[in-house]
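**Student:** Here is how the chains run, residue by residue.
2 protein chains.
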Amino acid sequence: MGKSCEIKLLGTAPSHFVNRVQFVLNLKSIEYEFIDENLNCKSELLLTSNPVHKKVPVLIHANKPPILESLIIIEYLDEVYHDIHPILPSDPLERAHNRFWANYIDTKYFPLFEELRRTPGIEGKKEVKKQLDEASELLEEVFVKSSNGKAYFGGDDVGYIDVVLGCFLAWIKFVEKLNKFKIFDEVRTPKLLEWTNRIWSHEALKDAICGSEALTNHYAMLQIKKP
Amino acid sequence: MGKSCEIKLLGTAPSHFVNRVQFVLNLKSIEYEFIDENLNCKSELLLTSNPVHKKVPVLIHANKPPILESLIIIEYLDEVYHDIHPILPSDPLERAHNRFWANYIDTKYFPLFEELRRTPGIEGKKEVKKQLDEASELLEEVFVKSSNGKAYFGGDDVGYIDVVLGCFLAWIKFVEKLNKFKIFDEVRTPKLLEWTNRIWSHEALKDAICGSEALTNHYAMLQIKKP
Numbered sequence: 001m002g003k004s005c006e007i008k009l010l011g012t013a014p015s016h017f018v019n020r021v022q023f024v025l026n027l028k029s030i031e032y033e034f035i036d037e038n039l040n041c042k043s044e045l046l047l048t049s050n051p052v053h054k055k056v057p058v059l060i061h062a063n064k065p066p067i068l069e070s071l072i073i074i075e076y077l078d079e080v081y082h083d084i085h086p087i088l089p090s091d092p093l094e095r096a097h098n099r100f101w102a103n104y105i106d107t108k109y110f111p112l113f114e115e116l117r118r119t120p121g122i123e124g125k126k127e128v129k130k131q132l133d134e135a136s137e138l139l140e141e142v143f144v145k146s147s148n149g150k151a152y153f154g155g156d157d158v159g160y161i162d163v164v165l166g167c168f169l170a171w172i173k174f175v176e177k178l179n180k181f182k183i184f185d186e187v188r189t190p191k192l193l194e195w196t197n198r199i200w201s202h203e204a205l206k207d208a209i210c211g212s213e214a215l216t217n218h219y220a221m222l223q224i225k226k227p
Numbered sequence: 001m002g003k004s005c006e007i008k009l010l011g012t013a014p015s016h017f018v019n020r021v022q023f024v025l026n027l028k029s030i031e032y033e034f035i036d037e038n039l040n041c042k043s044e045l046l047l048t049s050n051p052v053h054k055k056v057p058v059l060i061h062a063n064k065p066p067i068l069e070s071l072i073i074i075e076y077l078d079e080v081y082h083d084i085h086p087i088l089p090s091d092p093l094e095r096a097h098n099r100f101w102a103n104y105i106d107t108k109y110f111p112l113f114e115e116l117r118r119t120p121g122i123e124g125k126k127e128v129k130k131q132l133d134e135a136s137e138l139l140e141e142v143f144v145k146s147s148n149g150k151a152y153f154g155g156d157d158v159g160y161i162d163v164v165l166g167c168f169l170a171w172i173k174f175v176e177k178l179n180k181f182k183i184f185d186e187v188r189t190p191k192l193l194e195w196t197n198r199i200w201s202h203e204a205l206k207d208a209i210c211g212s213e214a215l216t217n218h219y220a221m222l223q224i225k226k227p
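Top to bottom, those sequences are chains U and Y. Residues 1 to 227 in full-length UniProt numbering are what the first sequence spells out, letter by letter. Residues 1 to 227 in full-length UniProt numbering are what the second sequence spells out, letter by letter.
A hint or two may mislead.
Result set (DSBU-like, lysine-lysine): computed pairs, CA atoms no more than 30 Å apart in a straight line [said to hold, decoys possible]:
hint : chain 1 : residue 1 : chain 2 : residue 2
1    : Y       : K206      : U       : K108
2    : U       : K130      : Y       : K55
3    : U       : K42       : Y       : K130
4    : U       : K206      : U       : K173
5    : U       : K54       : Y       : K8
6    : U       : K64       : Y       : K191
7    : U       : K108      : Y       : K42
8    : U       : K125      : Y       : K191
9    : Y       : K191      : Y       : K8
10   : Y       : K173      : U       : K182
11   : Y       : K173      : U       : K130
12   : Y       : K191      : Y       : K206
13   : U       : K42       : U       : K55
14   : U       : K206      : U       : K180
15   : U       : K177      : U       : K150
16   : U       : K130      : Y       : K42
17   : Y       : K191      : U       : K42
18   : U       : K125      : Y       : K55
19   : U       : K42       : Y       : K182
20   : Y       : K42       : Y       : K54
21   : Y       : K150      : Y       : K125
Because the hints were derived from the structure by calculation, they are not lab data.
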């Protein structure tokens, strides 16, 4: 270890992108300093660290140039701290498939939740929910293949896709409650439903996700900013 | 080597995403079978290989499950054939920065070219061109830092960012000709301009990019499909 205290993470609690980094830091037992950002009034450190996107998470390791984008940060951590709880498999083909599905989750799955939020009216939301159901069923298939009968996408232990999708669970639960429907259920996604319960109680994740009050406030802010 | 004949690449010549894979295969002197796809009538092999996005490039290595998405494919090739012309640096921090800028090029820089195409009228296009100039100047800065006085983003030899941006040069030249303006010039981006000439004549790229006639046809098809 030794490197652990040298890590600063700029983030905000309701961001599942930030939570991914926290989850991996926890899995690898790396100590870090969390610098809480107010996204309505971004700090000088955030603006100079990420002048292109001006977004969290930002990871600063030993005062070296900042590392940006959640997937890039967790892959960096996995490369630097590869001996402790590796999250990406060592086989290049499996690594490629992990990256593909993480990318699918970020560019296809999550945007459907955003579309659900923006779409007005019950009928409109129903249409988006149908697409969400299809996407969730696809992820169920991915889980069955990846886990190979074991507990996680990563097999016996939490892996890359577990981190990426797992950190979104607080939001999924929030969306379920808000819309009075289920994203994961016994019929369409029985294995993923079991997985959600398993990963939800994982010690390393518990510490990384925020409560529903913070999510409610954050959601309200989103609704005001981008109606 | 030995593995070289076992590679099949499903692609189409005017796609700079496909060209990236060809460029890396050439750099690493890997033989491969190119399967030309007609995107107006996609093959059964493409549809079953990439049922999610139904897009090229698709790489099939030794009849194993297909690998999808250009950046994921070239990273896979770099991991499997790591002894021959590595394209990603070995330092985790530098790797992270390479991934960040590749991601920037794909999600911020290229979409500006798409916006330019879709925006009607000279005044509208001028506005997009202004954003493109700012983005190109940013890439000039990245080049200066990354190349450290050497020939390429990757230093003495072609690296990850060179591949990602380099394969787009045919399109950039096409857009310059079509709109009668320059994307890279002596004033705003002098170093990148030199780099374009250098990489344009690189043996491994020459073979990977198609002529302007094919681009003209492809562009015309895009204009019809998504006006």
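**Student:** So, for every hint listed, does it hold in this structure?
**Tutor:** Now for the hints, and whether the structure bears them out:
no.: 1; hint: K206(Y) / K108(U); result: 34 Å, violated
no.: 2; hint: K130(U) / K55(Y); result: 23 Å, holds
no.: 3; hint: K42(U) / K130(Y); result: 26 Å, holds
no.: 4; hint: K206(U) / K173(U); result: 14 Å, holds
no.: 5; hint: K54(U) / K8(Y); result: 40 Å, violated
no.: 6; hint: K64(U) / K191(Y); result: 26 Å, holds
no.: 7; hint: K108(U) / K42(Y); result: 22 Å, holds
no.: 8; hint: K125(U) / K191(Y); result: 50 Å, violated
no.: 9; hint: K191(Y) / K8(Y); result: 36 Å, violated
no.: 10; hint: K173(Y) / K182(U); result: 50 Å, violated
no.: 11; hint: K173(Y) / K130(U); result: 43 Å, violated
no.: 12; hint: K191(Y) / K206(Y); result: 21 Å, holds
no.: 13; hint: K42(U) / K55(U); result: 9 Å, holds
no.: 14; hint: K206(U) / K180(U); result: 24 Å, holds
no.: 15; hint: K177(U) / K150(U); result: 29 Å, holds
no.: 16; hint: K130(U) / K42(Y); result: 26 Å, holds
no.: 17; hint: K191(Y) / K42(U); result: 33 Å, violated
no.: 18; hint: K125(U) / K55(Y); result: 28 Å, holds
no.: 19; hint: K42(U) / K182(Y); result: 35 Å, violated
no.: 20; hint: K42(Y) / K54(Y); result: 8 Å, holds
no.: 21; hint: K150(Y) / K125(Y); result: 34 Å, violated
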